[in-house]
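Starting from the given sequences, assemble the full structure and let the hints guide the process.
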Amino acid sequence: MTEAPNRSTRGGPLSALIRFCLEQKLVVAIGLVMTVLWGVLVAPFDWNIGGLPRGPVPVDAIPDIGENQQIVFTEWPGRSPQDIDDQISYPMTVALLGLP
35 MTEAPNRSTR GGPLSALIRF CLEQKLVVAI GLVMTVLWGV LVAPFDWNIG GLPRGPVPVD
95 AIPDIGENQQ IVFTEWPGRS PQDIDDQISY PMTVALLGLP
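Reading the sequence shown from the start, the letters are residues 35 to 134 in my numbering.
Read the hints as simulated data drawn from the structure, not as lab findings. Beta carbons are placed, not taken as given, at the ideal position from N, Cα and C, and that holds for glycine. Among these hints, one or two may not hold up.
Said to hold, decoys possible - Restraint ranges, calculated between C-beta atoms of paired labels, are given here:
hint, residue 1, residue 2, range
1, P90, L130, 46 to 52 Å
2, P47, V76, 25 to 31 Å
3, V76, L56, 28 to 34 Å
Rendered as structure tokens:
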């Protein structure tokens, strides 16, 4: 007869993380407080938090969405400019148009 697997050894990384959080409550609480404090210190809002040094992350209200142009120089010795355009430049341009 085989024995049922032990619950503490079954499961993947998510089970291990949950088990760690349940067993190490103090470490998790300290990490949570530090994360919230860091979030308040770098928040882009003008909060008066009582003398704590702040380094807010700048936020641009109107982002620059102008046209972005890149120039790619391609060398392929022994090939005509038409071959380079057809086989390298045009496929690369089509692929890059899909990037944000």
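Status of the hints after comparison with the structure:
A hinted range of 46 to 52 Å for the beta carbons of P90 and L130 is inconsistent with their spacing of about 34 Å. Between P47 and V76 the C-beta distance comes to about 29 Å, which sits within the given range of 25 to 31 Å. At roughly 30 Å, the beta-carbon separation of V76 and L56 lies within the given 28 to 34 Å, and the hint holds.
Violated hints amount to a single one, hint 1; each of the other numbered hints is respected by the structure.
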